[in-house]
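Undergrad: This is what each chain is made of:
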Amino acid sequence: MDQKIRVLVAKPGLDGHDRGAKIVARALRDAGMEVVYTGLHQTAEMIVETAIQEDVNVIGLSLLSGAHMTLFRDVTKLLKQKGLDDVIVIGGGIIPEEDVNKLKEAGVCGVFGPGTHCDDIVEFIRKNVKK
Amino acid sequence: MNDIAAKVLKGDERSIARLITLAENGAPQAASEMKKIHPKTGNAYVIGITGVMGSGKSTLIFELTREYRRKGLKVGIIAIDPTSPFSGGALLGDRIRMMELATDDGVFIRSMGTRGMLGGLASAVYDVVEILDASGKDIILVETVGVGQAEVDVIKIADTTLVVLVPGLGDSIQTIKAGIMEIADIYIVNKADRSGVEQAVAELQSLIDIACSGKDRKTPVLTTIAKENKGISELRKEIENHEKYLKKTEMFDIKRRKRYESELVEIIRKRLMNFIFDESTFKEKVERLIDQISKKEVDPYTAADEILGKILK
Amino acid sequence: MRLIVDTFEYGFKEVPRWNTISISGYHIREAGSTAIQELAFTLGDGVEYVKWAIKRGLKIDDFAPRLSFFFNAHNDFFEEIAKYRAARRIWAQEMKDLGAKKDRSLYMRFHTQTAGCSLTAQQPEINIARVTMQALSAVLGGTQSLHTNSMDEALALPSEKAARIALRTQQIIAEESGVTSTVDPLGGSYYIEWLTDKMVEETYKYFDRVEKLGGVIPAIEKGFYQREIAESAYKYQREIDDKERFMVGVNKYTMDEPIEIPILKMDEEGEKRQINRLKKLRKDRNNSKVNRNLDNLRKAANGNENLMPIILDCVHSYATLGETCDVLREVFGEYTEPAIY
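Residue numbers (this note's numbering), protein chains in the order written: chain A, 1 to 131; chain B, 1001 to 1313; chain C, 2001 to 2341.
If you're looking for bench data, these hints aren't it; they were derived computationally from the structure. Don't take every hint at face value.
Said to hold, decoys possible - Only pairs whose alpha carbons sit at most 25 Å apart, straight line, appear in this in silico SDA-like list of lysine to any residue:
hint	chain 1	residue 1	chain 2	residue 2
1	A	Lys104	C	Ile2261
2	B	Lys1295	B	Ile1276
3	C	Lys2198	C	Arg2245
4	C	Lys2272	A	Ser65
5	B	Lys1227	C	Thr2336
6	C	Lys2279	C	Leu2321
7	A	Lys102	C	Asp2256
8	A	Lys4	C	Ile2340
9	B	Lys1227	C	Ile2261
What the hints assert, rightly or not - One side only, chain B facing chain C, incomplete, derived with CB under 7 Å:
hint	residue
10	Val1052
11	Gly1054
12	Leu1091
13	Gly1093
14	Arg1097
15	Lys1227
Each residue gets a CB set at the ideal place from its N, CA and C atoms; glycine is no exception.
Take the sequences, apply the hints, and build the full model.
TA: Following this line, the structure appears as structure tokens:
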């Protein structure tokens, strides 16, 4: 069996800072994962639809513009609606400590802010993927 | 999970995606599901697209898909990117240019890594084509890795193969060696608003005149400006012409037969390799033989005889 | 390119004291490029703009004096100072080569912002020290104007207090340190001069590489810039992950302490307020005038005339930014960059 972890890396909303997202995508690739990178300006619908078609294990959301409470929760809500409970959602960017818990309650299972070591993200994914 | 094939036939997206994953991973239940859907395949027309990076392949596919959608056809897109030989991972970025199609439910896009296959395709691509076919897609576009001259396997799977070139990309047509140039059913010179387009078309035409002399079809050369949606409906018509040409002669059936042959070869190859190198009981014997080859106690041919002998018994 | 040359043309005729463009390297550096790449790509862009304007028939001495630049101020103190000096030298030479005769066409006037990407979420107060050094390098490098980042850069949008401290940082340099009393105070330093020469040399090597790729725009379309930047960004991150490069508070001198500075709270009502304002605007304005202007813009965009006066008509009649740009998007299409990591 040739099973690979498939990860969707997406930037929701209008935020154009993609340095981190690209670095994470590359680090995951170097860790043996298949990374579908959707680029900028994604809506929750586009992200979830892509996650379905690409049958990903993980959705990674990157946001630095302060809109994470709205946009990340849009994605987790839509995932729940569509019954995709075997996909885990992680996030990164500029996310204040006090918002992290609220995001976790909404279904984001890991938040990786500035200063994160790439290996930590890889390990977290490997430990937490379902299916 | 048991009725995944039935759901695929109804066009259920999650099932389509899941079955593709099972086929890609070589999961044990993939084969039984694929057996169920095979009788329902054969309707979709498969178009392969290859070309160097920077030629605008993805944008062309985007516009061509929108053209087919305007005609009311359902489209499946398979975008293939190279898997890293070092890490086994892949960066699948072709969807970026197609994200507007993400929410069109008449379009299904799947990104695949080559996972070790040379030739520009992924090993499971035959399965994916069948799955998309069986799920009701009328057109299937396969975008292959087109970095060099060896990535020509797309002809094994496509009814019509498009080769996309760009004027002034640094390589004049002559420097693009044989291989990728021989596989085209239609040439497309994209970004035709650039300088050098007439020269590129002329060079192509002279190559075609030589290559196609005596043949009953001369490979057409089209110019497009994909990002402005120019030349796209002409492309669709030219593809239809090629389809008519193939179906008028026996070429269509011959091509399809070649595709099934390649698919069968691939399935057998994978099974053999899995058996020899992954099946635990056999694997030990193989590992021991490889050690012996390293120590020059045994040569590779004798080792192969021994392995194959055991299998064929 | 058309829009940019339109701006040069319009600026020279109608708004002669307006700096028509801010040719930026800040974002290139933020995306992860090296200092040399920041120089080479920014100045390369600038030269390209000038060439296109000349091609349209504009006279270089007419528009060049109003070009301005925007650079990053990153951590390596001396490299940054040398970078600004190298930029001025290269720009003056390039403009001379393109036929500029007026002194003011050769001046490189630039704005600098301290590097957002160098600031940390951990122990955020120490960012004030980082910003101070970066600001000082920009001043010693001769910047015309300066933006200092706030210490909560990696945590949220700036709080008022943090923004104020960033401002005071500049004010201390300006009012108390005395460094602004001398032009190019580090000129003649053996190290700075050597470093400046080296950076000029390395930049020209990049210019050559871009030439070989067919020029700036073919290089962008081939993904050259994006690849160079992505490579540098990845290398930088790997160095940090592998502890070959240190970030105080992140992979050295780390502490587990709670954040004790005020963090800006996003105004949840802000979205609603803005939407209501927009609704009201759309009701109160003269919509037939707006539509007429947008139609004119569409026609003009399909033709060859300068779009600035027509865009201004749209603005004066209260067409929104979105409505105006949508017309341009309709006509020109939208660029999606290829996925390059």
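Undergrad: Would you check the hint for Lys1227 (chain B) and Thr2336 (chain C), treating anything up to 25 Å between C-alpha atoms as holding?
TA: holds, 10 Å
Undergrad: Given Gly1093 (chain B) was flagged as interface, is its beta-carbon under 7 Å from a beta-carbon of chain C?
TA: Holds, because the Cβ-Cβ distance from Gly1093 (chain B) to chain C comes to roughly 2 Å (cut-off 7 Å).
Undergrad: Holds or violated: is the Cβ of Arg1097 (chain B) closer than 7 Å to a Cβ in chain C?
TA: Status holds, d = 5 Å.
Undergrad: Holds or violated: are the alpha carbons of Lys2279 (chain C) and Leu2321 (chain C) at most 25 Å from each other?
TA: This hinted pair holds, its Cα atoms lying about 14 Å apart.
Undergrad: Is the Cα-Cα distance between Lys2198 (chain C) and Arg2245 (chain C) 25 Å or less?
TA: holds, 23 Å
Undergrad: Would the hint on Val1052 (chain B) be counted as holding, given a Cβ-Cβ threshold of 7 Å to chain C?
TA: Status violated, d = 10 Å.
Undergrad: Below or equal to 25 Å on CA atoms is what counts here, so check Lys4 (chain A) against Ile2340 (chain C).
TA: holds, 22 Å
Undergrad: Does Ile2261 (chain C) sit within 25 Å of Lys104 (chain A), going by the straight-line distance between their CA atoms?
TA: holds, 23 Å
Undergrad: Interface hint check: Lys1227 (chain B), Cβ to nearest Cβ on chain C, cutoff 7 Å. Holds or violated?
TA: holds, 5 Å
Undergrad: With a cut-off of 25 Å on the C-alpha distance, tell me whether Lys1295 (chain B) and Ile1276 (chain B) pass.
TA: This hinted pair holds, its Cα atoms lying about 21 Å apart.
Undergrad: With 7 Å as the cut and Cβ atoms as the points, is Leu1091 (chain B) at the interface with chain C?
TA: Leu1091 (chain B) check passes; min Cβ-Cβ to chain C is 6 Å, inside 7 Å.
Undergrad: Holds or violated: Lys1227 (chain B) and Ile2261 (chain C), Cα atoms, limit 25 Å.
TA: Not OK: Lys1227 (chain B) and Ile2261 (chain C) at ~49 Å, beyond 25 Å, violated.
Consistency note: the structure conflicts with the earlier hints numbered 9 and 10.
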